[in-house]
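Asks: Listed here are the chains, written in short residue letters.
Number of protein chains: 2
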Amino acid sequence: MNDKTVTVEVGLGDRAYDILIGPGLIARAGETLSARLPGTRVAIVTDENVAAHHLETLRDGLERGGVAVAAVVTLPAGEKTKSFSHLQDVVDAILAAKLERRDAVVALGGGVIGDLAGFASGIVRRGMDFVQVPTSLLAQVDSSVGGKTGINSARGKNLIGVFHQPKLVLADSGVLDTLPIREFRAGYAELAKYGLIDRPHFFAWLEKNWQDVFAGGDARIEAIAEACRAKADVVARDEFETGDRALLNLGHTFGHALEAATAYDSERLVHGEGVAIGMALAHRFSARLNLASPDDAARVETHLRAVGLPWRLADIPGDLPGAEKLFDYITQDKKVSRGALTFILTRGIGQSFIAKDVPASEVLAFLKEALAG
Amino acid sequence: MNDKTVTVEVGLGDRAYDILIGPGLIARAGETLSARLPGTRVAIVTDENVAAHHLETLRDGLERGGVAVAAVVTLPAGEKTKSFSHLQDVVDAILAAKLERRDAVVALGGGVIGDLAGFASGIVRRGMDFVQVPTSLLAQVDSSVGGKTGINSARGKNLIGVFHQPKLVLADSGVLDTLPIREFRAGYAELAKYGLIDRPHFFAWLEKNWQDVFAGGDARIEAIAEACRAKADVVARDEFETGDRALLNLGHTFGHALEAATAYDSERLVHGEGVAIGMALAHRFSARLNLASPDDAARVETHLRAVGLPWRLADIPGDLPGAEKLFDYITQDKKVSRGALTFILTRGIGQSFIAKDVPASEVLAFLKEALAG
Numbered sequence: 000m001n002d003k004t005v006t007v008e009v010g011l012g013d014r015a016y017d018i019l020i021g022p023g024l025i026a027r028a029g030e031t032l033s034a035r036l037p038g039t040r041v042a043i044v045t046d047e048n049v050a051a052h053h054l055e056t057l058r059d060g061l062e063r064g065g066v067a068v069a070a071v072v073t074l075p076a077g078e079k080t081k082s083f084s085h086l087q088d089v090v091d092a093i094l095a096a097k098l099e100r101r102d103a104v105v106a107l108g109g110g111v112i113g114d115l116a117g118f119a120s121g122i123v124r125r126g127m128d129f130v131q132v133p134t135s136l137l138a139q140v141d142s143s144v145g146g147k148t149g150i151n152s153a154r155g156k157n158l159i160g161v162f163h164q165p166k167l168v169l170a171d172s173g174v175l176d177t178l179p180i181r182e183f184r185a186g187y188a189e190l191a192k193y194g195l196i197d198r199p200h201f202f203a204w205l206e207k208n209w210q211d212v213f214a215g216g217d218a219r220i221e222a223i224a225e226a227c228r229a230k231a232d233v234v235a236r237d238e239f240e241t242g243d244r245a246l247l248n249l250g251h252t253f254g255h256a257l258e259a260a261t262a263y264d265s266e267r268l269v270h271g272e273g274v275a276i277g278m279a280l281a282h283r284f285s286a287r288l289n290l291a292s293p294d295d296a297a298r299v300e301t302h303l304r305a306v307g308l309p310w311r312l313a314d315i316p317g318d319l320p321g322a323e324k325l326f327d328y329i330t331q332d333k334k335v336s337r338g339a340l341t342f343i344l345t346r347g348i349g350q351s352f353i354a355k356d357v358p359a360s361e362v363l364a365f366l367k368e369a370l371a372g
Numbered sequence: 000m001n002d003k004t005v006t007v008e009v010g011l012g013d014r015a016y017d018i019l020i021g022p023g024l025i026a027r028a029g030e031t032l033s034a035r036l037p038g039t040r041v042a043i044v045t046d047e048n049v050a051a052h053h054l055e056t057l058r059d060g061l062e063r064g065g066v067a068v069a070a071v072v073t074l075p076a077g078e079k080t081k082s083f084s085h086l087q088d089v090v091d092a093i094l095a096a097k098l099e100r101r102d103a104v105v106a107l108g109g110g111v112i113g114d115l116a117g118f119a120s121g122i123v124r125r126g127m128d129f130v131q132v133p134t135s136l137l138a139q140v141d142s143s144v145g146g147k148t149g150i151n152s153a154r155g156k157n158l159i160g161v162f163h164q165p166k167l168v169l170a171d172s173g174v175l176d177t178l179p180i181r182e183f184r185a186g187y188a189e190l191a192k193y194g195l196i197d198r199p200h201f202f203a204w205l206e207k208n209w210q211d212v213f214a215g216g217d218a219r220i221e222a223i224a225e226a227c228r229a230k231a232d233v234v235a236r237d238e239f240e241t242g243d244r245a246l247l248n249l250g251h252t253f254g255h256a257l258e259a260a261t262a263y264d265s266e267r268l269v270h271g272e273g274v275a276i277g278m279a280l281a282h283r284f285s286a287r288l289n290l291a292s293p294d295d296a297a298r299v300e301t302h303l304r305a306v307g308l309p310w311r312l313a314d315i316p317g318d319l320p321g322a323e324k325l326f327d328y329i330t331q332d333k334k335v336s337r338g339a340l341t342f343i344l345t346r347g348i349g350q351s352f353i354a355k356d357v358p359a360s361e362v363l364a365f366l367k368e369a370l371a372g
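Chain order of the listed sequences is Z and V.
Residue numbers are given in numbering that gives the first Met the number 0: position 144 of the first sequence equals residue 143, and the series is strictly consecutive.
Residue numbers are given in numbering that gives the first Met the number 0: position 58 of the second sequence equals residue 57, and the series is strictly consecutive.
These aren't lab readings, by the way, just hints derived from the structure by calculation.
Wrong hints could be hidden among the right ones.
Since the list can't tell identical chains apart, any single copy or any two copies may satisfy a pair.
Cross-link-like lysine to aspartate or glutamate pairs, in silico, EDC-like; alpha carbons within 20 Å at most [stated by the list, open to error]:
id, residue 1, residue 2
1, K79, D91
2, K324, E368
3, K166, E238
4, K207, D91
5, K79, E47
6, K355, D197
Because the structure is a prediction, the values reported are computed rather than measured.
With the hints as constraints, model all of the structure from the sequences given.
Replies: As structure tokens, this is what we get:
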């Protein structure tokens, strides 16, 4: 096994923390935590699927390194777990284990577990230590950076939560070998996003090296590290999302609308796939508005197709609603102010920007074209 | 009506905010909010008792000043309201009213409502604006400064919450005229606490002027302002309670134990009364340990007695448990490390300090003496 570990520092002043990326980090978690958070006791929060693969490795790794595991909470897998009722279960388990503010909640899993366990750690005793052990590519490049935590409300996703930065992230690149290929690809869409936002060289590198990233090894570690660096840069500029951080939503406005239009049916579309199509649409829409060259839109589409991701509406199995209905899903997500919307658009590969006055009529016309194929 | 308004700034950098103290602030809330938080819409959270006295004044005052009231949540009065289930109700009402991050939750009530509404405002959309309108003396001098919010768990009080600073506090000194005298006195105990922590001149001033504070008018406003300044100083030094902020717990270790020993029966003892007795005991205990002069302990006891507050164990109606049991209640609240406890003790009036190595045996011996009268 390759023992290379790359460290990315998220520079947030007194909330700064490190992301360690490399193989075997879960098995070595105990020595790492003992060195960085001496004396900590932990509660592990995970889901049933992830527990089957990695819980014993983590627990043994922690205990071997002298870290006491005071509680393990294993929840059902899936988005529905991000609820008030599961939050209350996790909070209660942490309190029952008598963990203090300088003890840690360890999230072992994907975005759902990270969001839920992070939120719980942010509210027990008004904030205790939090360690992320993301086990999906999506969580390693996205949810593990930035401190957003939360649960869903019947009124929308992620409407309830806090900003709570972890003390440490262990992104074990080895665990990604056990991911289904479709889930790995979905995470890859968010990884490519960072190239498209403001790192054109990274996107070009991915165009050349994506097969190595999929295969594992150093290229995968480097790609995850670069995505984490990119996100950390944006978050350091705008921790509480009052400005630039909105760039991270590239592809997400169209993507969320498509997730809603397919009733969050993961057989048809998972989040990362929605983002892939959303990024392709954002580039094509930017070209239609004469902001970017159609060649750049074509480059994005070609790359997504090459890695096996969906990139156009026709790639979604089953029927989609009409343009007006898709537009309604878009405006559910955001305010329409005097007939104009805010979108993340682009002037080319790696030149995304926040466009605040996109005419609703242009969005609608573009959706009609896109549906017509 | 006297229109004097005193402003105390809580200096927390980009989370700094003002506390306005004076009569008639609720009726003028609309113009104040319009000027300081332009364009804000609000959800009011209150309890049934407070609503009967002040809700219409606040609602009219807001709407007259051009602030839209998008929702009103009226909860049962009492500590039991600080629960997960009421938190969820408040969060849902805020989301149903489609409030955004720059809209505000307005807490109209005492500490329970402030803690619950503040917590809700801290987690909806990962933090929205929050305005406190404290209607008890205790809430005006204590809960309204410092950003602690939260709810209770079956495992203890205030174990779940966040630090979330308000944007503005309107401490309407006029509403205190409608408080039952016992509740006013209980708040006065926390007010006097700030003199005992580190403001000996303020304590001396209260000894001379307490009757004017009880009567209302400028002395009351000045006393509230000075207590808020004192607390703001401590909080600015230690926002997240990693050090000096523990000084605010003067009187609270004994006080909490007494509240628990009387089963939180408010007929026998309310929080501020527990703090009054706790402060007297902390001074007497410090004298017993030869840290402070017995004359200072006597001064504290004399003043509490003068204003009508309980100051010794014998002032609590009904039977108390024995010294061992009281000691157990104390250690439920805090860790006993190698036979020693952390207490807030004092070297004299206004000279409190954090004592980290108080022998358990001394605490127990002192409790036996105090119970013997």
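Asks: Within a copy, between copies, both or neither: which one fits K207 and D91 at a CA-CA cutoff of 20 Å?
Replies: neither (49 Å within a copy, 48 Å between copies)
Asks: Using 20 Å as the alpha-carbon threshold, which applies to K324 and E368: within, between, both, or neither?
Replies: within (14 Å within a copy, 77 Å between copies)
Asks: First find the shortest C-alpha distance between K79 and D91 inside one copy, then the shortest across copies, and answer within, between, both or neither for a cut-off of 20 Å.
Replies: Both: 19 Å inside a chain and 17 Å across chains, each within 20 Å.
Asks: With identical chains, the pair K355 and D197 could be close in the same copy or across copies; at 20 Å between alpha carbons, which is it: within, between, both, or neither?
Replies: Classified as within: same-chain Cα gap 18 Å, cross-chain 52 Å, threshold 20 Å.
Asks: Between copies, within a copy, both or neither: which fits K79 and E47 at Cα up to 20 Å?
Replies: within (13 Å within a copy, 34 Å between copies)
Asks: Regarding K166 and E238, is the shortest C-alpha distance of 20 Å or less found within a copy, between copies, in both, or in neither?
Replies: Answer is both; intra-copy 15 Å and inter-copy 19 Å each pass.
This entry does not satisfy hint 4, going by the numbered hints stated previously; all others are met.
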